[in-house]
Amino acid sequence: MPPRDANPPDRALTRRDLLAGAAGVAGAAAIASLPALGAAQQASVPAAPPPVVPADPTKVVGTPTAAVGTRSPFVRPTRVPTGDIQGFSLTPHGDLTGTITPADLHFERHHAGVPLIDPARHTLTVHGKVARPMVFSMDDLRRFPQVTRTYFLECSGNGRAAFRDPKPDLTPQRVAGLLSNTEWTGVPLHALLEEVGMTGDATWMLAEGGDACMLTRSIPVAKAMDDALLVWAQNGEPLRPENGFPLRLLLPGWEGNSNVKWLRRLELGTAPWMTRWETSKYTDPLLGQKARQFSFDMDAKSMITSPCVPQAITKGWRPVSGLAWTGRGRITRVEVSVDGGSSWHDAALHEPVLSKAVTRFSWMWHWQGKSALLLSRATDETGYVQPTRTELTTARGPGTDYHFNQIVGWQVDPSGQLTYHGGR
Amino acid sequence: MRRIVMAMSAWLAACSGTGDGAATTHVSRTNGGPPPGQHFELGRAATPAEVAALDLDVNPAGAGLPAGRGSASDGAKVYARACASCHGPNGEGIAPLYPQLVGRDPAGETFDFAKDPRIARTIGNYWPYATTVFDYIRRAMPQTAPGSLSADDTYAVTAYLLAANKVIGAEAVLDSAALVNVKMPARDRFVRDDRRGGHEVR
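Those sequence lines, one after another, are chains A and Y.
Using the numbering used here, you'd call the opening residue of the first sequence number 1 and step up by one each time.
Using the numbering used here, you'd call the opening residue of the second sequence number 1 and step up by one each time.
Don't take each hint at face value.
Some chain Y residues flagged as far from chain A (calculated, every beta-carbon gap over 10 Å) [to be verified]: (1) P35; (2) P66; (3) R69; (4) R81; (5) R104; (6) T110; (7) D152; (8) G169; (9) V180; (10) V182; (11) K183; (12) G198.
Okay, the calculated beta carbon distance ranges per label pair [unchecked claim]: (13) Y:R196 <-> A:K167: 30 to 36 Å; (14) Y:R44 <-> A:P49: 50 to 56 Å; (15) A:D339 <-> Y:R196: 28 to 34 Å; (16) Y:R187 <-> A:G369: 56 to 62 Å.
Note that these hints are calculated values from the structure, not bench results.
Backbone N, C-alpha and C fix where the C-beta goes; we use that ideal spot for every residue, glycine too.
Please work from the sequences and hints to get the whole structure.
What follows is the structure in structure tokens.
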């Protein structure tokens, strides 16, 4: 049987991808030592001359001010793009701390590339089951009441490769890089829908993007009237092109694909449209010869991001720290295990713990040089506890293909080297 | 505080104005705005022609399907010319980037995707609605020239793909009425999301 149509997140990086991302000597060196380095995160760091550091920086004047800031030459996180039009790139969680994803490291997943859109010409048309079909310019939209809120976005295919093929050298980026967390600014969608006056029978809304596949998803009106936003800014600046510039739909806690980017049209209707992205894709095969459709909510999930592959650790105290999130509200508890789940310890949840946003957790661990298996387990405000791999596949079957939120972690060998563990 | 009281009384005074009552008011008024029932008066009316130019979507009831028709045999020619370079001469796909479009293995009468992730999902064994095939091709394919097919060619290539998947006959001709009447093998396989949070893993 030929391999299943690879929905791009299935795709493992090829050596060609790595070579493409890693020019020159540093690249070649990284390729040569790939297994030990664990992943493309290392290999794709662009080759650059090593910074020339003064022996004593307090005795040499520094560089002047600059129009745009850049990262320290010692810090070069990258997204490891596949380089495909219908491709993805991954947030390097192992390189990040705190909760907010820098805009240029937000994950990408596109179905027809990133369009170039002039905001002065971009409009949003709202029509269908409304009293007054209307067109809004970006200027119009920015004059509505604004809100700024922090929410995570996660592709429901996040973790597919790690689920199917849990290799020891997978990094947090490879395991859960289709997750990012952002402070978004925009207008509550209900304000706009009140402006056009939905008719009483409107129950579904089609959201359409202005990219080359005019991506469409059907969204229940109940969500549109609840906490949905039309956003134009991320982390205080206009959206990045790859995040939907100049306008995207933001459905807090719902699978990434439904948060339609480059939003140009909303149509109100009485039934879902059954678009390609809610039938062929983004549906979850279930046991009993069925598939689950419109599985929008992202269930609770967590991942330890420090320590992680490709690190090796030394004996003594250190925080075991990571990220937890749920599309169903707030994270209420994260537990950490260092013995593969035989015993669990409550981790500290770092404030603020925001609804439908990423929460940072940590627990102080004293490593004594024995092999260990680090795991994390999140619980959300509905009482949902992050499942084991066995619980997930028992409920849905081994062919479950979206919403991979099983407990995973890192195996530590007595030398301190970490490897990925895909859960039990 | 005094400013809030003043704003409130201005708002109450303005409340005597009439609204069109078309929608319930949910906008939080804590940061000002028009009185309930009135609008921000931002944006402009969309003309029917403007809406028609954008509104390309097709739903399972066939709303939005254009006039036109095409046969599976004509569709084979469209496919060879515009699609085969990426999806393979017979719709077998080119892994990993270009999806398989044809094939109902095993036979498409079972739906065991949850048991075995290696079973390819195709139009023939997985897509619940034929209208989706038309809608998707019209909006997105061929990938390097979306929107370049005529309505007739889109009906034809849709017919070709459905015939190649043995959903309709090799001689079939599709127009809007015929497309809506195509019953896909996977039509009744889809269920709504029953996850609700709480203790159960679903």
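So, going through the hints one by one against the coordinates:
In this structure P35 of chain Y is separated from chain A by more than 10 Å, as the shortest Cβ-Cβ distance comes to about 13 Å. Listed as outside the interface, P66 of chain Y is consistent with that label: its C-beta sits roughly 15 Å from the nearest C-beta of chain A, beyond the 10 Å cut-off. For R69 of chain Y, the shortest C-beta to C-beta distance to chain A comes to about 22 Å, beyond the 10 Å cut-off, and the non-interface label holds. Residue placement check: R81 of chain Y keeps its beta carbon more than 10 Å from all beta carbons of chain A (closest about 20 Å).
Look at R104 of chain Y: its CB is around 13 Å from the nearest CB on chain A, clear of 10 Å, so calling it non-interface holds up. At roughly 7 Å from the closest C-beta of chain A, the C-beta of T110 of chain Y falls inside 10 Å, breaking its exclusion from the interface. For D152 of chain Y, the shortest C-beta to C-beta distance to chain A comes to about 21 Å, beyond the 10 Å cut-off, and the non-interface label holds. A cut-off of 10 Å between C-beta atoms confirms that G169 of chain Y is not in contact with chain A; the least separation is 23 Å.
Remark: the non-interface label on V180 of chain Y is consistent with the geometry, its nearest Cβ contact in chain A lying 12 Å away (cut-off 10 Å). The Cβ of V182 of chain Y sits about 13 Å from the closest Cβ of chain A, beyond the 10 Å cut-off, so the non-interface label holds. Every Cβ of chain A is farther than 10 Å from the Cβ of K183 of chain Y; the closest lies at roughly 14 Å, confirming the non-interface assignment. Not every CB of chain A lies more than 10 Å from the CB of G198 of chain Y, the least distance being 5 Å, so the non-interface label is violated.
For the pair R196 of chain Y and K167 of chain A, the supplied restraint of 30 to 36 Å holds, since their beta-carbon distance comes to about 34 Å. For the pair R44 of chain Y and P49 of chain A, the beta carbons lie near 55 Å from each other, so the given range of 50 to 56 Å is met. The given range of 28 to 34 Å is respected by D339 of chain A and R196 of chain Y, whose C-beta atoms sit roughly 32 Å from each other. Here the CB-CB span from R187 of chain Y to G369 of chain A is close to 60 Å, well matched to the stated 56 to 62 Å.
When held up to the earlier numbered hints, the structure conflicts with 6, 12 and fits the remainder.
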